[in-house]
Amino acid sequence: MTLTVSRLRRTWGRRPRVKLNRRQRLIGTVALVLAAIIVPPFLSGFLQSTLFFPVGVYILLAIGLNVVVGAAGMLDLGFVAFFAVGAYTTAVLTTTFHMDAWLAIPFAIGAAMIAGVLLGAPTLRLRGDYLAIVTLGFGEIVRIVALNTNALGESRGITDIAHPEPLGLRTLPYYYVTLVAIALALLVSVRLNASRVGRSWSAIREDEEAAEAMGVPTFKMKLWAFTVGASTAGLAGWIFASKVAFINPDNFPFFFSVIILSAVVLGGSGSLPGVIAGGFLIAFLPEYLRDAAAGKTITRVLNSVIGSNATNVTDFRVLLFGLSLILVMIFRPRGLIPADLGGMVTTDAPDPDDVDTTDPGLTGNRSMQPGSACLEIDALTIDFGGVRALDHVSFSVLTGSIVGVIGPNGAGKTTLFNAVTGVVEPTDGDIRLDGKSIVGRPPHKICQAGIARTFQNIRLFPDLSARTNVAVGLDAHHKTSVPGALGFGRRRRAEEDDAKVHAEALLAFVGLRNRGDERSGSMPYGDQRRLEIARALATDPCLLLLDEPGAGMNKTEKAALIMLIKRIRDQGITVVLIEHDMNLVMGLVEEVTVLDFGKVIASGAPAAVQGDQAVIEAYLGVDDGAA
Amino acid sequence: MTLGAIYALIALGYTLVYGVLRLINFAHSEVFMVGAFGSLFALHAIGFDTAHAPPHGLVLVGVLVLVVLAGMIASGVLAVVLERLAYRPLRKRGAPRLAFLITAIGASLLLQELFALRYGRNALAFPRLLARSTAFKIFGAPVQVPQIVVVASAIGMMLALDRFVANTKLGRGIRATAQDPETAQLMGVNINRIIVVTFILGGVLAGGAAGLYGIYVETIRYNGGFIYGIKAFTAAVLGGIGNVRGALLGGFALGLLENYGATVLGGEWKDVFAFTILVVVLMFRPTGLLGEQLGRSRA
Amino acid sequence: MSRSIRSSWRLFAVILSLALVSTACGSDDDGGNNADDGDGGGNAKKYSIAYVGPKTGDAANLGINILYGAQLAVKQFNASQSDVKITLKEFDTQGAAAQAPAQLALYKDDASILGIVGPAFSAETKAVIPELQKAGLVMISSSATNADLPNVVNPETIFHRALPDDKAQGAGIAQFLKEKHAGKSVYYIDNGDDYGKPLADGVRAVATANGNPSKGNTSINEKDDLFSAAVNAAQAAKSDVIFYGGYYAAAGKLSKQLSDKGVTATFITGDGSLDPGFLTNAGAGAEGNIVSCPCNLATESSTGALKTFTNDYKAEFTKDPGTYSSEAFDAANILMKGIKAGNTTRPKLLAYVEGLGTYDGISKTIAFEDNGNLKATTVYFFVVKNGKFAPLTNTDEL
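Residue numbers (my numbering), protein chains in the order written: chain A, 425 to 1051; chain B, 4 to 302; chain C, 242 to 639.
To be clear, the hints were calculated from the coordinates, so they are not data collected in a lab.
Even glycine gets a Cβ: it sits at the ideal position worked out from N, Cα and C.
Fair warning: there could be bad hints in the mix.
What the hints assert, rightly or not - When the alpha-carbon atoms are kept at most 25 Å apart in a straight line, the in silico BS3-like pairs for lysine-lysine are as follows:
id: 1; chain 1: A; residue 1: K720; chain 2: C; residue 2: K502
id: 2; chain 1: C; residue 1: K316; chain 2: C; residue 2: K287
id: 3; chain 1: B; residue 1: K140; chain 2: C; residue 2: K479
id: 4; chain 1: C; residue 1: K502; chain 2: B; residue 2: K140
id: 5; chain 1: C; residue 1: K560; chain 2: A; residue 2: K720
To be verified - Take a look, some chain A residues computed to stay more than 12 Å from chain C by CB distance:
id: 6; residue: P478
id: 7; residue: P677
id: 8; residue: T721
id: 9; residue: D780
Isolated chain A (complex conformation) (with noise of 0.2 Å):
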C-alpha cells in the first residue's frame, strides 16, 4: 500500500511541464475567446448548428454540473432533470401562459433552483453512492412525470414553444446567447471558487467530516452547490426549448447525465478549462464523426473487426465514444486537462509587508475567567449498538489550562472527543462550553462556538494548499456565502484578505512560515500535524483538542510540539490533549483523566495520578510508558 501510496503522490504532485506566463495566458484566453465570437458567422449551417446544439449547451451543462462534482465532489447521475425542468417550465410558460420568452429566463432558472433545494433537502446528508442512486432516480422521476402528465404534454412534448424576439429561426443568435451564458457560467465560478464558498466545497470534497469539524456548515454548502449547478442547467434548458421550440421527455433521458458527467470527468473534473474542452469534445467529436471523410475507412476496417456490416462510420459513433471514454481515463485518469492543486481553488500568498509574524491573531479565552470552568462534561453516556463506548463520564477543564486524557487503547478517549465535538450524539449526560450546553448542535456549529480539534489520524484536506487548509479554518467566522461572493461588496473583499494575511500568521506561528503553496498532503508527516494544529486555530477556538498530536514524532518534534503548545495556551486557549506518550504528557500538562473501558478511574495532577494503584494495574501496569 505504502507502494501505492507514493505512486499516487506522485501522480498528484506532477506538473505540466510547459508553463506560461499571465500574459501569454491573457493572450491565448483572448484569441480563444474572439475565435469563439468571431469564427462561426463563416461556418456551414451544420456546423453553425453543432456549436449550438450539443456544442454550446454540453459546455454550459457540465460547467455547471463541474459546481457539484467538480467543486464539492458530490456524485450526481441525474443532472439532466435540473436542465428538463429549465426547459419544461419555458416551455409552458410561453405557451400555455403566453409569456414573453425573454421574461422566462428568471422562472426557469428558478425553477430549476427550487428543483435544486427539493432534491437536495431530503438526500444531501446521504453518502456519495446512496446520493448517486438518488440523484440517478430524480433523473428520472422528472422524465417519467413529463412522461405522463396531460399538461406537459405527456409523450407529445410541447410544441411551439416561443423564440425569443428578435432571435427567430436561425440558428446563429442562439450560438450566441450560449455563449454569453457560459461565460456568465464562467464568471460564477471563478467568483465562488475564489471565495468562503469555494474553499468549504473543495473542503467538502477532500474530507466532509473534517469541514464539519473545522466549522464549515457542510449541508447548507452543499446544498448551495446543487443550487448553482441546477441554475446553469435551467438556463441552459431555457436556451435549448427556446431555440428548438419543441421538447419532449426523450430529450431527458438518464444517459443525457451520463454525457455531461463524461464531459466533466473527461475533460478533468474540477478544472474549468478542462470542463470546456471535454464539453466541446464529448459533443462535437460524434456529431463530427457522423460525416467525416475519414468515416469510409473506419467503417471498413471496424465492419471487419466486429463482423458487422455498417454502411456508414455513423453507426460507429457510440462505440468509438466509449471506447475514447476509456482510454483518456485510462491514460490520463485525471481528465485531459487536470485540476491543479486544489481543484480551482487556491488561496494566493499575501504580501508579505501585510503580515504580522510575531501575532497569530487568536483571541482565547474570550470572556471566560481564567480558572472557570472551560468545559464541562456531565455523567456523558454513549452507547453504540449494545456496547457502552462511554460510561457516566464527568470531569471538568479549567479555562486557560493544559488536561491530557490517558487511557489504555479503546477507553473511549477518541468518543469522548468526537461527542464533545458534536460527531456523535450522547446516549444521556451533558457538555458544556462556558456554561451552557452544547449537546445536539451539529459539529459546525460546535466549532463556530469556540471548540476546534485535531484528528487521530491527521485529516487535513491532502489536495489543497497548506495556506487553503487554513484558510478553511478562518472561515468559520466569515459570513460570505453565494450571494455575496457574486456580488462585490466590501465583506467579501474584508474576507478574503483576512484569510490570506491571518493563514500566512497562523502558518508562522506553527513554524510554516513561507510553506503556504505545498500541497498539504505531500508535506513531512510533521509538518502535516503542525499544519491541522494551525488549520483547528484558526477557527480561533477557546478550547482546543488534540487526538495524539506527538503520534510518529521523533525526540526533537516532540520538544517543539511541547513548546508549541505551551504558546498556544500562552494565547488564551485551553487546551486537551489525547496522548499515549507519558513524558509528553507528565512535563505538559496540569492535570490528567484516565478513561479505562468508557469510566473515569482516576482525576488529578499528573504526580498523583501515576502514583493511583487503579490507573497503574489498568493502564501503567500493561504500557510501559513510553510508548
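Assemble chains B and C onto chain A, guided by the hints.
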C-alpha cells in the same frame, strides 16, 4: 417476485465489487447482457433454435443447466476481462474514483454497441424450454413452472455465495479486504487475486441471472442489460450496498414494489413509485435496509 | 484566474484551435450526404429531395424500409429520363423528436432541397412542422400517422402524408371488429404514448358504439420485459378480443405473455407492430394474431405495380420491402414528378403538391385533402400465418 430474484442476483455483483473496491461497476449491466447472449449462443450451438420443440426429462434438465452455465461462463470471463483491461490500469495509476465510473460507462457503451453492430438492434428470441404450465396457486394467483425454476435456482445460487463468502479461505479474504484492504494485505491477503475473484463471483452470478432470464423472458437485446443494471443497482442500495443479504432483500423488495406500483398506479408510474420508496428508505436508513456489513462504513 | 490553472489553458487552447481548424476545413461539406453522387447526366438540371428519418438507432429498421423505397424511386427516375437529375439527401434523426431540430437546421437551409420524403415518425414530424411551414418546404410522410399533425399549424400547409391517419386506422379496426367479431367484447392495452394511446382510445370509442363492448383498458411501459400487471388485468377481463396500441417489440412480448398465461382472446394490434420483430418476440403464440396498417405492405403475394416494386426492391437491396416502403416510393415519385414538370423552387413544388389532384401510386391512389391528409381511408389487415404476415383483408372489402 421472479424479476426480484433476477435483480437480486445482479445486485450481488454490484455489492461484492462495491464492498471490496468501493467502486460502482457500471458495466455490470453489460456483464449480464453478455451472459444472456452466451446462454443463447450455447443453445444455438446444440441446435436449439426457436423452432425447436421444448425438451423433456433429463434432456430438459441438461439444457437448463447448460444455459445457466453458459451464461455464467460468458459473464464471468467478461467480468475478468473488464477488470484486467479497464479497471486494473486505473488502480495501478491511482486514478480518482470518478475515473473508474467513466471507464465503466465507456465499457458499457462499447459492449452494447459491439453487440448491436454484430447481432443487430432487434431482440433475439430464445427457444421455449419450459412449458408455461401452472404448478399451483397462491391466493388464487397462479404460479407457473418457470417462475419456480427461476426463484429456486436464484435462491440456490445466493445460498451458495453466502456459504462461499462465509466459509472458504477466499471468502474470508474477500471479507477482510472489504473491511480494511491495507491490513488485509499486511496479513498476507493477495489483494489483486481477491479483486479478480470478486469480479468472477459477481460475473458468474450475473451470468446465472442472465441464463434464468433467458429461460423466463426468452428474449435478449443489445441494450437489454441497461434497465436490469439500474434496477439491480437500486436494489443493492435499497438493501445496503456492500451487504450480501441486503442485495437479496433489496432485489426481492424492489421486484414486489414494482409489481405493486404497476398494479395500483399503472405500469407507467411504477418506476417513480420504486424510486420514491428508495428515497424514503434512505432518508430514514441512510445506508439501506440492512446497512453495510461486508465492509464497514468509512465515515 | 487563479495561478494553478495557467498551464491548463495552453492545452485547452491547443485543443480548441485544433477543433476550430478542423471545423473550418470541414465547412465546405455542408452536411447532406450524397451531394455528389456521380456526375453523369450531362446538362441535366440538378435538384435534391431529402429523406428525413432514422438511419441508425433503435428505429433504424423502419427508417431503412422508407429510405430504400425512396432510393429506389430516385434511381429509377434518374434512369428513366435525362432532363433533371435528382439527388436524395439523407438526414438521420434516429427517429427521435429530440434529434429532429438539429437535423432540421441542416436541411432547412440547403436551398437545393425542394421537398421531403418524411419525416418518418409522428413525434419528429410534429417537432419540425412549424419550422418547415416557415421555410415553405413541402413534406410527404410515408409513415407519420398521428391524427393531430394537420393541426399543428393552421391547415393548408406543407404537411402531407401518403397514408391514412390513426383516426382512420382506428375507425377501420372498429369496422373490422364489427364485421368479423360482431358483438364480441374487447380489452384495450396501450403503450401510453402519443401513437398507441390515441389509437387504442380511437378504436375503443368507435367499437363500443358499434356494439363491441369494452372490458376496460390499461397502459404498459414498453421498456419493460414483463407486463405482468397488464396481462393479469387482461386475463381477468375475460374479453374475446385484446387490442394493443403500440410498437412491435412490446406488442410481440405482450402477445407471447398473454398466450403463455393461457389467454385465448384474439390479439389485434396496429401498424406499429407490422414488423418482423413482432414475429420474433411473439414466437409461436403469434399464430392467428392480426395486425392492421393504413399502409399497403408489398409482399410476395402482391399483384400488379406493387408486385413489380417488390421484385425491383428485392433485386436492388436483396431483401423484401418492408412496412411503408411502397408509400415512400410513391411520395418520392410525386415530388420528382413535380420537379420534372418545372416546379423547381420550394413555393412552386409546394403549390404543385397542393394541387396534385390524383396520383396513381403503387400503394394506392393518392389524393390529398386540403389539410394534407389522404382522401382514401383504406386500412389493410394482415394475419400471422406460419410465422409470416399474410394479407387478410382491407376495409374496402369488408
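These are the hints, each one checked on the structure:
Distance restraint check for K720 (chain A) and K502 (chain C): the Cα-Cα separation of roughly 49 Å exceeds the 25 Å cut-off, and the hinted pair is therefore not satisfied. Proximity of K316 (chain C) to K287 (chain C) is assessed by CA-CA distance (about 14 Å); at most 25 Å being required, the pair is judged to hold. Note on K140 (chain B) and K479 (chain C): the hinted pairing holds, with a Cα-Cα distance of about 19 Å set against a maximum of 25 Å. With a C-alpha separation of about 13 Å, the suggested pairing of K502 (chain C) with K140 (chain B) holds against the 25 Å cut-off.
This hinted pair checks out: K560 (chain C) and K720 (chain A) have alpha carbons roughly 24 Å apart, not beyond 25 Å. Against the 12 Å criterion, P478 (chain A) falls within the reach of chain C, whose nearest CB is about 8 Å from its own CB. Distance check on P677 (chain A): its Cβ comes as close as 8 Å (rounded) to a Cβ of chain C, failing to clear the 12 Å threshold; non-interface status is violated. Listed as outside the interface, T721 (chain A) is consistent with that label: its C-beta sits roughly 16 Å from the nearest C-beta of chain C, beyond the 12 Å cut-off.
Annotated as non-interface, D780 (chain A) keeps its C-beta farther than 12 Å from every C-beta of chain C; the closest such distance is 25 Å.
Of the numbered hints stated above, those contradicted by the structure are hints 1, 6, 7, listed in ascending order.
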